[in-house]
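Asker: Sequence order for the protein chains is A and B.
When the letters of the first sequence are read in order and numbered with our numbering, they come out as residues 6 to 386.
When the letters of the second sequence are read in order and numbered with our numbering, they come out as residues 17 to 310.
Source of the hints: derived by calculation from the structure; they are not laboratory data.
Incorrect hints may appear among the rest.
[What the hints assert, rightly or not] Covered stretches of chain A, going by a simulated chain B footprint (3 or more residues, C-beta under 8 Å):
#1 113–127
#2 152–164
#3 225–231
#4 239–248
#5 320–326
#6 333–346
#7 352–363
[Unchecked claim] On the chain A side, residues computed to face chain B include the following (Cβ under 10 Å):
#8 Phe142
#9 Ile146
#10 Phe216
#11 Gly220
#12 Leu221
#13 Val236
[As the list claims (entries may be wrong)] SDA-like mimics (lysine to any residue), calculated; alpha carbons at most 20 Å apart, straight line:
#14 A:Lys310 <-> A:Thr207
#15 B:Lys77 <-> A:Gly245
#16 A:Lys219 <-> B:Gly34
#17 A:Lys310 <-> B:Lys196
Small disclaimer: the values here were computed from a predicted structure and weren't measured.
For each residue, glycine too, the CB sits at the ideal point set by N, CA and C.
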Amino acid sequence: MNTAFYLSWQCLVAGLLAIASLFFLPIAAVEPAYSAPATSMLVTALIVGLILIGCVVDAKFSSAAVKATALFLGAHIAVFLLFAEIASANGIARTPFYLLLAACWLLAWRCVTVLSSMHPANRTANALLRLLIPAIFGAWILIIWEAVTRGAGIPFILLPPPSAIGARIANSLPVLAADVNQTIFKAVIAGYVIGCGAGFVTAILADRVSFLRKGLLPIGNMVSALPIIGVAPIMVMWFGFDWQSKAAVVVIMTFFPMLVNTVAGLAASGHMERDLMRTYASNYWQTLVKLRLPAAAPFIFNALKINSTLALIGAIVAEFFGTPVVGMGFRISTEVGRMNIDMVWAEIAVAALAGSVFYGVIALVERAATFWHPSVRGGRA
Amino acid sequence: MTDPLRAKFLPVTTILLGIVVGWYVLAVFMNAPFQRDLDRRAGEPPRIVVDFVEKTLSQPKPIVPAPHQVAQNFFENTFLRKITSNRSLVYHAGVTLASTMLGFAFGTALGILIAVGIVHVLALDRSLMPWIIASQTIPILAIAPMIIVVLAAIGITGLLPKALISTYLSFFPVAVGMVKGLRSPEIMHLDLMHTYNASPSQTFWKLRVPASVPFLFASMKVAVAASLVGAIVGELPTGAVAGIGAKLLNASYFSNTIDMWAALVAGSVVALLLVGLVGFAGRIVDRAMGARPA
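This is chain A alone, in the form it adopts within the complex (with noise of 0.2 Å):
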């Protein structure tokens, strides 16, 4: 292999794009008047340039670091000046816009490929490359989002850009507190910690009692195939409007993956260090909170985890049915209703943010508890 200039193949096709690009200027459909064509051939030049270095550096140098660094700074430079080239309207973007995101782009994904073939023998360096790299995706997608949103102009109502979705966060943040407040801090940790709950100490009594699990467990497997959420109008029916009935419909929804899970996982534990707990003299409690329970925990916490996103939906989906007016699923429909797609897709946004911060609260007690367990040891999980 050719090590003093070996040029990647998405690089390759970045450059060509880019030379491509100049062909078909000018970036933006702007009137003569409005623009000083002289700024706008300078900026095109440079983001062009920029791509172009990028290309060759990493053609050129051998070292992963350098490559990476140069590739990120080119791709991202680059897309920030061809935003403020059609920053002045909507739907002005020609084609050699198109061509040259598609040139960041392919430089993005050569930086992401570079930093993924790193192994730093550091291990914070390895955490952070951990993080990098799924955020450069992340910003990928809200980055081509936002071009073909705003550079084609595609209407409001239909797919806001995400500025403007931030913008909407930004301002509107008493009324999203207020949403949370109302459908996460009450209804679903209220629902979710009486489902969860239920469910185990209902697991706890099927595994004392052998009947009852032998009748209970084909049931709950039966019962997670089901449509679940749609006992939703049912609960608004039973408990009234408020956040009372929303709870009691994540409280159903979590109740048998926390049943199943939790009685998978008391059978968990080998027949040895079973015979060992027995040769202690142990009994049945003793077994359990110090045997069995612990080598349940990797399964409870899954159940533990998947019931955070169930938990979430529940509680928004019971909100479509009757609300008072406050809460995400009131929000979301009403605003849908009134063309306001942007709250909507704020209030979105927010409730990703929750599921995620949820479940990262949760993954982060089960690294905590399940220390042992050879998935949070170093294996690949």
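Once you have looked at the hints, place chain B on chain A.
Answerer: Just chain B now, with coordinates in the frame of chain A:
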């Protein structure tokens, strides 16, 4: 063979029986206040308890319908009506089933595609996997109504929007399961392929794909159930006139509790059929590929 059947059958029936009895008790308990109210207004206090209980179990719009009311409604709307009738549950289930299957097909294809990409491209593995997991923390069901409305605004209506929601829900289990499945061959087997001088595509088709089939069917079972949920919720919002979700919403508007429960039962039956079907297909494929019955 019969012994495990009996060992399972007795506890399950007992518990199911317990649920039904509990349901009746709940129905009487929850419907009693309203019935007492009715009786007082009619000026005829209940003479005996049995009479009163019977009345609570036969209200036209009870808070908790009794099992036999639901069963009767379900039976009438399933077997006694013409399939084309608007009130037939078979008709509604058919509409839901169509978008479920379409979404399930898309989702499975997408999931397999993503899994193949993740297994073969390192950059995708590192960058895409966290986002796939994060994608499921977005309560997509909650925004299903908006997706339907937005897609309707650009002229996409009917089956496809609902199917897209099903796709979003069903690709995840398939992708995760298939990544696990495609990576399930042991190093020993991979080394063996290596000694045969197998090309990457040969290793893929002759070793990785067969090894991943059990994983595929296991995750497809989860995916088909998720896909049905997606289709039902996709029918909840504006505009949907047919389907189990629309039936549910309609019944909820008019407080037709019995209809509501019957629609739920119909959805559950469809779910069980679908999961059973996928499991059955899995067993056949397993058998055809030479798996020994466990």
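Asker: If you look at each residue in the region 113–127 of chain A, do at least three have a Cβ nearer than 8 Å to any Cβ of chain B?
Answerer: With 6 residues closer than 8 Å to chain B, the region 113–127 of chain A meets the three-residue bar; holds.
Asker: Establish whether the coverage given for the region 225–231 of chain A by chain B is satisfied; the threshold is a Cβ-Cβ distance below 8 Å, and no fewer than three residues must meet it.
Answerer: holds (count 4)
Asker: Hey, does the Phe142 (chain A) contact hint survive, CB to chain B under 10 Å?
Answerer: 4 Å, holds
Asker: Quickly compare the C-alpha distance for Lys219 (chain A) and Gly34 (chain B) to 20 Å and report which way the hint goes.
Answerer: 14 Å, holds
Asker: Is the shortest C-beta separation between Gly220 (chain A) and chain B less than 10 Å?
Answerer: 3 Å, holds
Asker: Holds or violated: are the alpha carbons of Lys77 (chain B) and Gly245 (chain A) at most 20 Å from each other?
Answerer: Holds: Lys77 (chain B) and Gly245 (chain A) sit about 17 Å apart, inside 20 Å.
Asker: Counting residues of the region 333–346 of chain A with a beta carbon closer than 8 Å to any beta carbon of chain B, are there 3 or more?
Answerer: Answer holds; 6 residues pass the 8 Å Cβ test.
Asker: Under a C-beta cut-off of less than 8 Å, do 3 or more residues of the region 239–248 of chain A approach chain B closely enough to confirm the stated coverage?
Answerer: The restraint on the region 239–248 of chain A holds, since 4 of its residues have a Cβ under 8 Å from chain B and three suffice.
Asker: Next pair to validate is Lys310 (chain A) with Thr207 (chain A); report whether the Cα-Cα distance is within 20 Å.
Answerer: 19 Å, holds
Asker: So, as I understand it, the hint says Ile146 (chain A) touches chain B; can you test that by seeing if any CB pair is closer than 10 Å?
Answerer: 8 Å, holds
Asker: Taking a Cβ-Cβ distance under 8 Å as contact, does the region 352–363 of chain A have three or more residues in contact with chain B?
Answerer: Our answer is that it holds, as 6 residues pass the Cβ test (under 8 Å) against chain B, meeting three.
Asker: Could you check if Val236 (chain A) really has its C-beta closer than 10 Å to a C-beta on chain B?
Answerer: 7 Å, holds
Violation of the numbered hints given earlier is absent; every hint is satisfied by the structure.
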